[in-house]
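Trainee: Residue strings, one per chain:
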Amino acid sequence: DSGVTQTPKHLITATGQRVTLRCSPRSGDLSVYWYQQSLDQGLQFLIQYYNGEERAKGNILERFSAQQFPDLHSELNLSSLELGDSALYFCASSVARNTEAFFGQGTRLTVV
Amino acid sequence: DAKTTQPTSMDCAEGRAANLPCNHSTISGNEYVYWYRQIHSQGPQYIIHGLKNNETNEMASLIITEDRKSSTLILPHATLRDTAVYYCIVGPSGSARQLTFGSGTQLTVLP
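Line by line, the protein sequences are chains A and B.
For the first sequence, the numbering used here assigns the number 1 to the initial residue and increments by one for each residue that follows.
For the second sequence, the numbering used here assigns the number 1 to the initial residue and increments by one for each residue that follows.
Possibly wrong hints are sitting among the right ones.
From chain B, some residues computed to sit far from chain A (all C-beta separations above 12 Å) [what the hints assert, rightly or not]: (1) Cys-12; (2) Ala-13; (3) Thr-26; (4) Gln-38; (5) Gln-42; (6) Thr-56; (7) Arg-68; (8) Thr-72; (9) Ile-74; (10) Thr-79; (11) Thr-100; (12) Leu-110.
Derived Cβ-Cβ restraints for the label pairs, each shown as a range [what the hints assert, rightly or not]: (13) A:Asn-59 <-> B:Ile-63: 31 to 37 Å; (14) B:Leu-51 <-> A:Pro-70: 31 to 37 Å; (15) A:Ala-56 <-> B:Lys-69: 23 to 29 Å.
One side only, chain B facing chain A, incomplete, derived with CB under 8 Å [as the list claims (entries may be wrong)]: (16) Ser-41; (17) Gly-43; (18) Gln-45; (19) Tyr-46; (20) His-49; (21) Gly-50; (22) Leu-99.
Rather than coming from a laboratory, the hints here were simulated on the basis of the structure.
Glycine included, each C-beta is placed from N, C-alpha and C at the ideal position.
The following block holds chain B by itself, in its conformation from the complex:
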């Protein structure tokens, strides 16, 4: 039972913002939204997570809708090195340790 829905692939021009959507319409009140990415067969890399407020760190911003049924990961100035599969995951606090990865979105940053 998939908890998140993401587009299979997206392209983004280098230097532009990459906006990656995620639907999680069945999210419950205590579940967080986590984002990880995986660059070609390397280990997944944590990006950001949030509960209901928007979050920002040095890598990205996370925008969560008021009803919490969807979110958007924003890479403000995409570079070629951001080409990767991006995974959106929902789960209770601490569940980052037992991640259930879906298929993710293959983001390709084009020169």
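Just chain A, same shape as in the assembly:
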């Protein structure tokens, strides 16, 4: 158990819909990162927040957005969902810039 909690574990939704994925980082970790893992793309970095502020962006689509709240939990919002958005979405957290990241168990999103 990494200490990073993601909910829900599984999510099935229809194309065009919007969903919210939630992540609670390890206690004391200020940084949260979101990753997407699909069968054909591998694991890709989406976005990072540090203490409520966006710090880095990767290959995140404009239909996707994220935020980190004062209690440090984070949400990833996915809208206008397409079949190709079906993937595992991982959240990770770390305590500081130069320390390793700990990953949650992921949310498996299926868009039908």
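With chain A held as given, fit chain B onto it using these hints.
Mentor: Showing chain B alone in chain A's frame:
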């Protein structure tokens, strides 16, 4: 532009040492070598990282060549639970938070 090269797959007998190689010939002076693993669709798990000295922790050892162009992750006594995809990643200190995962090596530990 791939920064690391790893074999696609490897097998190892249970109880033996598993040696996973990684080539990173374009690594720059301030870049670290990180290793993570992912056990079938679970979240990636941090294993170890290093700059130029060899490193050891409770999970594994990391051997980095003197020219830093390659490294080897060593699992000293592989178990069936070590079957996973192992990712070698290079980047500046702190880049563990923005990991660029390649294809990794599928390690299968055989009974």
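Trainee: Next, verify each hint and record whether it holds.
Mentor: Verification of the hints:
no. : hint                              : result
1   : Cys-12                            : 23 Å, holds
2   : Ala-13                            : 28 Å, holds
3   : Thr-26                            : 20 Å, holds
4   : Gln-38                            : 8 Å, violated
5   : Gln-42                            : 6 Å, violated
6   : Thr-56                            : 15 Å, holds
7   : Arg-68                            : 18 Å, holds
8   : Thr-72                            : 19 Å, holds
9   : Ile-74                            : 18 Å, holds
10  : Thr-79                            : 19 Å, holds
11  : Thr-100                           : 7 Å, violated
12  : Leu-110                           : 25 Å, holds
13  : A:Asn-59 <-> B:Ile-63: 31 to 37 Å : 32 Å, holds
14  : B:Leu-51 <-> A:Pro-70: 31 to 37 Å : 35 Å, holds
15  : A:Ala-56 <-> B:Lys-69: 23 to 29 Å : 27 Å, holds
16  : Ser-41                            : 6 Å, holds
17  : Gly-43                            : 3 Å, holds
18  : Gln-45                            : 7 Å, holds
19  : Tyr-46                            : 4 Å, holds
20  : His-49                            : 7 Å, holds
21  : Gly-50                            : 12 Å, violated
22  : Leu-99                            : 6 Å, holds
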